[in-house]
Amino acid sequence: MANQKSFLSKISKNSKMGFLNYGIVLLFFVVITILRSTGTLSNTMNGQLIPICSYIIVALALNLVVGISGELSLGHAGFMSIGAFSGVVISGALKYSGFANPVMRLVTAIVVGAFIAAIAGILIGIPVLRLRGDYLAIVTLAFGEIIKNVLNCLYVGVDENGLHFSVTDEVHMDMAANGKTLIKGPQGAVGVEKIATFVAGIILLFVVLFIIQNLVNSRTGRAIMAIRDNRIAAEASGINVTKYKMVAFVTSAAIAGAAGALYGLNFSTIVPKKFDFNTSILILVFVVLGGIGNLTGTIIAAALLTVLPELLREFQDYRMLAYAIVLILVMIATNNEKIRSLWKRFFSKKDKEEQKA
Amino acid sequence: MSEINETKYVEVPGPGKIPERDMGKGPVLEASHLGIDFGGLTAVDEFNIALGATEIGGLIGPNGAGKTTVFNLLTKVYQPTRGVILLDGKDTHGMNTTQVNQAGIARTFQNIRLFDKLTVEDNVKIGLHNSIGYHTPAGVFRLPNYWKEEKKAHNKALELLDIFGMADMAGVKASSLPYGAQRRLEIVRALATNPKLLLLDEPAAGMNPSETEELMNNIRKIRDTFGIAVLLIEHDMNLVMGICENIIVLNFGKIIAKGTPSEIQTNPKVIEAYLGSQATEGEGK
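So the sequences go chain by chain: P and U. Per the working numbering, numbering of the first sequence is gapless, rising by one per residue and ending at 389. Per the working numbering, numbering of the second sequence is gapless, rising by one per residue and ending at 321.
Simulated from the structure, these hints should not be mistaken for lab results. Just to be clear, a hint being listed does not mean it is correct.
[Said to hold, decoys possible] Below, simulated BS3-like cross-link-like pairs (lysine-lysine); rule was C-alpha separation at most 25 Å, straight line:
id : chain 1 : residue 1 : chain 2 : residue 2
1  : P       : Lys216    : P       : Lys275
2  : U       : Lys153    : P       : Lys370
3  : U       : Lys44     : U       : Lys61
4  : U       : Lys192    : U       : Lys53
5  : U       : Lys53     : P       : Lys370
6  : P       : Lys275    : U       : Lys61
7  : U       : Lys257    : P       : Lys376
8  : U       : Lys184    : P       : Lys376
9  : U       : Lys232    : U       : Lys209
10 : U       : Lys153    : U       : Lys187
[Unchecked claim] Derived DEER-like restraints, expressed as beta-carbon distance ranges:
id : chain 1 : residue 1 : chain 2 : residue 2 : range
11 : U       : Ala139    : P       : Val143    : 38 to 44 Å
12 : U       : Ala139    : P       : Val222    : 54 to 60 Å
13 : U       : Glu195    : P       : Met77     : 21 to 27 Å
All C-beta atoms in this analysis are idealised placements derived from N, C-alpha and C, irrespective of residue type, glycine included.
Bound conformation, chain U alone (with noise of 0.2 Å):
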């Protein structure tokens, strides 16, 4: 275990707990009682979470547990049926999809979703967006504005993709990138949108263990050069009791477990969630 998983952690009003060190700035996320129904079925029901500035936690559970469920949540691809969602202490309520991630929020997909038809660089541009300061008149009629901020997102999306080494990628079409570097490319994307918090759903699914093993150096790098937060889901255990301060374990659409990797490693209950004891095997199914 490095250093990082002995991260010393404080209460705070409200959900949870956030590490000590970014106590100044307060938690990036705090979310209360979160909770969704479709129809008769509670699939997420009583999420807490607290998050830090600059932590880097993790969702785990086993399949169906509801953990793309709170991303969802989170980034009201899904309105919440209860509960609060506070972006740096603003609540989110109210807001979709677009907005939650103009707040600050920024996120990539289980199953990949990029612009498959535009190449890389655009994938980045389109995360760069809304920092792109020209309207459509100024692009239509190629103003001064358009070509010094096009500039601009060129030379940034560039620097973006770097952090992966994929700048020589820049004008393939996305549609054709091998799948790890599909993943990445997704990251990066997100990134482009000068998030607060970073979402990611499974990045290390499909991925070698040499990849993963950079991909844990990455997400560090990125938390470290943009000072953000960062909550995962993974199934990787390596990568998650590697790289997370902080891990919430949930089944059945309910957290079971929350607490330090070591702490999670030894909690009965999870152990149980993952393995299952003999006395539910005997029972259940």
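Here chain P stands alone, though its shape is the one from the complex (with noise of 0.2 Å):
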């Protein structure tokens, strides 16, 4: 039957791209872990493996926004900051309750840290996503400096009667004498424990990438980038506008959360300063660098991006300038009509390889 077949073969074309992001992962833990065991890896370069998991992540988040939904969103480090602040404070707070497994804190922490998120996401997606224009890139804008001016002034702690709350000092937050101080104003978190790992981060990329190309390709998905591409034609076909926005969108800020919650529980301590319009930017570079709804280009854009800086040390006071300057070669690299039709030349030539195979 010619419709089965067509309809295997469609099926296969996608999962084939699907294929290629997990093999990219697998590849990249395998490298890793290798490299790890004889010891040639660097201490720097070890430092930097679950902040380069986190960056991808929020990075594919991004592009969920970005690339597949057509909105621009500059608050995507406001998300990921309430994912790291609660999943700092719900493994803070759990350990406190005598709740000492790490790998069950760790994925409570991200569970909840994306979960928060998410509430963040619907409460700015419903007044915005209704609107049409770019209304979500101001708004979510302001989203990431408020977030950032609230958690400068937020102090979270814990004692046996359960959390408490002040957006004022220590002393008010009413906390019993033998109390933990979780989050500490503009000193942010402190004396957190160190349960992210490599493997955690891998696994929850192999989550992410199997949610978003799920998603992508599912008729959730093609709703999604029918409004991208025609909001009329879309209406006009009986697509519900303003709730397939809020999927994409609320997904996209649950996951930023979940790599926030990751990022956040790699270090001892974390300031909310972190999370400015700088790295918002940061991540909207990864998903343009990579190309716009390219998810295989956001995983390399991404991690190479998060490394280059430790790279270019050598370069001291000019590193962020050499940072730049390498940006702006590859993008003329990768506009460049010639350089571009070789990668196409190469990669039919494989192609059809594969297919006579």
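Starting from two chains that each stand alone, build the complex the way the hints lay out.
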């Protein structure tokens, strides 16, 4: 049956792209594990592994908004921040109440971080995603700044009565004497137990890839992309525009929150200033450089650009200048007609060989 | 003139007449006293129409007469300032474009609006969206329902594309289709939403005479196989006169004539609107 055959070939084409991404992550994992076991990985690189995973995940999340849904978000660092701080609080509180197992605590922290970031996403999405135009960019930009400033004056502690909050200082939390301060205003989260591991990062990366790829290749993903391509035609085809924009945006916010929780539990201290506007732009740079809507490109760009500043350390004061130059060179190279046609020729040849085989 | 133009019409209570054969079902669309103002400008006023359940109606008029505005009012792209629209006897007041489509009006656009980056098949599947029965979690976790419904949608999409002989183009990106094929794809996508009434905005624009001839046959075929009503805007008079059973002529936002093709062709007001009478020519431009 011709129908059956083309249906299967289409499914396999989509999953081929999916498997490519899983393959890249697996390869990354294997190479790093080998380098680690032979001891050839430098300490600085070793410390970068979990941030790399977090940034890849948050870049994939942003790509869902920018590339698939066609909206612009300038506040993804804000969602990361929410995930990081709620993750730290959950992990700290669980430990205080005698819950020692780090794996269970990490999983709980990631789930709760994602959940709270999703709620923030819903609160932003409800008023903004009904509108036509670039309002989401403006509102998320403001959201990122607001979250940073709120966390800057937030104090959270835990004692046997549960969690205590204050927005003035530590004393106003009314904690028992044996309580433990988890978040200390502008000093951020202090004394965090580093329970995030590289393996956990890779597993989360696989889960996120699974969710995003399957979402995009389903009825829901089609509707989201249809709205991106032509809003009026999507409405006239019976698609509920606000609903599907919300699905994309809230999923993205939740994933960014999960990435934030992973990131936050990798450092002993973490300050709110870490997740400022520059970080949001950095995540956007990963997406733009990797190719808007291109998951494979996003993974590679996020990984390389997170490592790059470390590799450029020998330039010392000129580090960020060199970083900017590298960015510009990459953009020129990827937009060059000749280089692109070279790439295409290379890939199409490979495709043909595969078909023959 | 084919026998289709000799449709027997009966008066119905409300805004007009419908073909005798549709009397059992009643009109699928009734709009009365429909109008819209943009600021101080009245774009459409006192628009009345009744369309039988399997009728092919035509909406013609000079450029800027308000034809596309009428479509935008019927599909709620613009909310009407005045008037009532009944779809299958149900008031569409307060509905938005999405809800109107779900209630049974599908349309195409004068300036083609396809989902450019999606394939031809996926464009049709967007039309099928509301008939694909699984939810987001089933899609993400690839539950059995996903595979079953996607396969059904795939077969249905190919079946619909086959009406225009486009099944072999299913995997092509919509933006890379030739112009005529893009117009046909829009019709297929609209049909996929399972409408009761299909609005076609200049379906033959940019088509050559043989393509237009084929389109006419296909519109009739669609009406007969799906048993739906069609209302079309068109400048190609061969198509309009050859296929429409009842024609409404608009000029400056108002209906200037209604009737069968032969009545319209001999109506002095219509001739004046299209060609200009010597008297108005002298006074006007």
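Which hints, by number, does the structure contradict? 1, 4, 5, 6, 7, 8, 9 and 13
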